[in-house]
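Please construct the entire structure, taking both the sequences and the accompanying hints into account.
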Amino acid sequence: GQQVMQIPQYQHVQEGEDFTTYCNSSTTLSNIQWYKQRPGGHPVFLIQLVKSGEVKKQKRLTFQFGEAKKNSSLHITATQTTDVGTYFCADSSYKLIFGSGTRLLVRP
Amino acid sequence: DVKVTQSSRYLVKRTGEKVFLECVQDMDHENMFWYRQDPGLGLRLIYFSYDVKMKEKGDIPEGYSVSREKKERFSLILESASTNQTSMYLCASSFSRDTQYFGPGTRLTVL
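Just so you know, the sequences run in chain order G and Z. By the count of our numbering, the first sequence reaches residue 722 at its end, each step adding exactly one. By the count of our numbering, the second sequence reaches residue 114 at its end, each step adding exactly one.
Just so you know, these hints were derived from the structure itself, not from any lab. Treat each hint with caution, since some may be false.
Here are the simulated DSBU-like cross-link-like pairs (lysine-lysine), alpha carbons at most 35 Å apart as the crow flies [to be verified]: (1) Lys650(G) / Lys684(G); (2) Lys684(G) / Lys665(G); (3) Lys21(Z) / Lys58(Z); (4) Lys16(Z) / Lys684(G); (5) Lys73(Z) / Lys673(G); (6) Lys74(Z) / Lys58(Z); (7) Lys650(G) / Lys21(Z); (8) Lys709(G) / Lys670(G); (9) Lys73(Z) / Lys6(Z); (10) Lys56(Z) / Lys650(G); (11) Lys684(G) / Lys60(Z); (12) Lys673(G) / Lys709(G); (13) Lys56(Z) / Lys74(Z); (14) Lys650(G) / Lys673(G); (15) Lys58(Z) / Lys6(Z); (16) Lys21(Z) / Lys670(G); (17) Lys673(G) / Lys684(G); (18) Lys6(Z) / Lys650(G); (19) Lys21(Z) / Lys684(G); (20) Lys16(Z) / Lys56(Z); (21) Lys665(G) / Lys16(Z); (22) Lys670(G) / Lys74(Z); (23) Lys665(G) / Lys58(Z); (24) Lys56(Z) / Lys670(G); (25) Lys73(Z) / Lys650(G); (26) Lys56(Z) / Lys709(G); (27) Lys16(Z) / Lys60(Z); (28) Lys670(G) / Lys684(G); (29) Lys6(Z) / Lys670(G); (30) Lys6(Z) / Lys671(G).
Take a look, some chain Z residues computed to stay more than 10 Å from chain G by CB distance [to be verified]: (31) Arg17; (32) Leu46; (33) Leu48; (34) Leu81; (35) Ser90.
For each residue, glycine too, the CB sits at the ideal point set by N, CA and C.
And the structure:
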């Protein structure tokens with residue numbers, strides 16, 4: 615079956631450094647959704663990308679959908695301690711298929 | 004705001020017990036989902052439902068069943084709890100293929 619993989623599994627950065635998580639699929643993605651889960655919390659929707667090559671920005675967050683719709687990335691510029699959490703991508707086809715997530719820790 | 008509530012935040016049960024986890028959403032969403040979340044494994048779909056009395060198996064349905072008698076309520080049932088079902092259980096709802104809204108989660112421990 616389809617697999618959605620995320621790398622890295624874990625990243626620890628100094629506040630102010632950039633951060634990127636990558637999402638790769640074994641098959642073509644329908645649409646890609648990104649979620650953030652704060653420690654002790656539940657996943658919260660960030661954004662959905664639909665078109666091949668699409669790029670969307672939310673303040674310091676930049677989301678990109680690959681040209682072949684088999685990968686996506688989330689880039690955070692100048693991380694802050696409030697960015698701490700686990701970031702999940704998900705293929706939103708008939709049902710959501712989640713990647714395993716990237717856990718981000720930020721050193722103040 | 005969409006609200007998804009789950010019956011318990013923490014639950015401790017014994018091996019062999021029957022366990023009910025309840026989820027209620029207030030936005031008239033068609034779709035409801037049950038996931039379990041374990042460290043390093045992300046979110047794995049157990050069952051989902053796209054309409055009242057309809058259900059479909061997710062990726063890991065073994066040892067679980069579900070019930071959706073009313074649109075707003077989706078129950079997850081562990082017929083005979085086992086220690087490997089100790090996990091965080093998350094319920095979610097959505098309209099069509101749109102955003103999923105998650106409940107706060109139930110941390111279940113099976114002794």
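Against the structure, the hints:
1. Lys650(G) / Lys684(G): holds (21 Å)
2. Lys684(G) / Lys665(G): holds (12 Å)
3. Lys21(Z) / Lys58(Z): holds (20 Å)
4. Lys16(Z) / Lys684(G): violated (42 Å)
5. Lys73(Z) / Lys673(G): violated (40 Å)
6. Lys74(Z) / Lys58(Z): holds (12 Å)
7. Lys650(G) / Lys21(Z): Given pair Lys650(G), Lys21(Z) holds - Cα atoms ~32 Å apart, limit 35 Å.
8. Lys709(G) / Lys670(G): holds (23 Å)
9. Lys73(Z) / Lys6(Z): Answer holds: Lys73(Z) to Lys6(Z) is near 16 Å, not above 35 Å.
10. Lys56(Z) / Lys650(G): Between Lys56(Z) and Lys650(G) the Cα gap is close to 31 Å, so the pair holds against 35 Å.
11. Lys684(G) / Lys60(Z): Since the Cα atoms of Lys684(G) and Lys60(Z) sit roughly 25 Å apart, the hinted pair holds (cutoff 35 Å).
12. Lys673(G) / Lys709(G): holds (29 Å)
13. Lys56(Z) / Lys74(Z): Roughly 9 Å between the alpha carbons, so the hint for Lys56(Z) and Lys74(Z) holds.
14. Lys650(G) / Lys673(G): Cα-Cα ~15 Å, so holds.
15. Lys58(Z) / Lys6(Z): holds (22 Å)
16. Lys21(Z) / Lys670(G): violated (46 Å)
17. Lys673(G) / Lys684(G): Between Lys673(G) and Lys684(G) the Cα gap is close to 25 Å, so the pair holds against 35 Å.
18. Lys6(Z) / Lys650(G): Answer holds: Lys6(Z) to Lys650(G) is near 17 Å, not above 35 Å.
19. Lys21(Z) / Lys684(G): violated (41 Å)
20. Lys16(Z) / Lys56(Z): Measuring from Cα to Cα gives roughly 27 Å; hence the hint holds.
21. Lys665(G) / Lys16(Z): violated (46 Å)
22. Lys670(G) / Lys74(Z): With a Cα-Cα distance of about 34 Å, the restraint between Lys670(G) and Lys74(Z) holds, given a limit of 35 Å.
23. Lys665(G) / Lys58(Z): holds (30 Å)
24. Lys56(Z) / Lys670(G): Given pair Lys56(Z), Lys670(G) is violated - Cα atoms ~38 Å apart, limit 35 Å.
25. Lys73(Z) / Lys650(G): It holds: about 29 Å lies between the C-alpha atoms, which stays within 35 Å.
26. Lys56(Z) / Lys709(G): holds (18 Å)
27. Lys16(Z) / Lys60(Z): holds (24 Å)
28. Lys670(G) / Lys684(G): holds (17 Å)
29. Lys6(Z) / Lys670(G): holds (27 Å)
30. Lys6(Z) / Lys671(G): holds (27 Å)
31. Arg17: holds (26 Å)
32. Leu46: violated (4 Å)
33. Leu48: violated (6 Å)
34. Leu81: Consistent with the label, Leu81(Z) stays out of reach of chain G, its closest Cβ about 20 Å off (over 10 Å).
35. Ser90: The claim holds: Ser90(Z) sits with its nearest Cβ about 14 Å from chain G, beyond 10 Å.
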